[in-house]
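K.L.:
Sequence:
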Amino acid sequence: MPRPAGFTYEQHSDATVTITHHGRTAGTLRGARAEKFLAEVESGDAQLVMARWTGAYKHGNERMARNHPRNRRQAPRG
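In terms of the numbering used here, the sequence shown opens at residue 1 and continues consecutively.
Here are the simulated distance ranges between beta carbons:
id	residue 1	residue 2	range
1	Ser43	His68	34 to 42 Å
2	Gly44	His22	20 to 28 Å
3	Arg24	Leu48	17 to 25 Å
4	Asp14	Ala46	20 to 28 Å
5	Leu48	Pro69	28 to 36 Å
6	His12	Gly55	17 to 25 Å
7	Leu38	His68	37 to 45 Å
8	Pro69	Ala15	46 to 54 Å
9	His12	Arg52	16 to 24 Å
10	Ser43	Arg70	36 to 44 Å
11	Ala39	Ala5	19 to 27 Å
12	His68	Glu10	31 to 39 Å
13	Arg3	Gly23	14 to 22 Å
By construction, these hints were calculated from the structure, which means they are not laboratory data. In this text the structure is predicted, and so the values were computed from the model without any measurement. Note that beta-carbon positions come from the ideal geometry of N, C-alpha and C, so glycine has one too.
The task is simple: from the sequences and hints, build the whole structure.
P.N.:
So this is what it looks like as structure tokens:
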């Protein structure tokens with residue numbers, strides 16, 4: 001599985017943190033969550049931390065799930 005890439009974050013003066021992925025907003029954190037995020041991103045792998053916090057963390061099973069019969073489009077009935 002490739003490592004997460006393309007994430008950046010911006011800390012604003014009102015204690016808000018905006019996380020972007022390839023230029024698009026992926027999440028906004030405020031207050032205690034923003035403080036916790038900043039502490040974690042400074043102490044670990046920043047790209048992995050941002051991917052985890054935004055929910056863009058790939059588990060590796062997305063391709064298989066897409067091909068599952070339950071997820072295939074069915075013809076409309078009627």
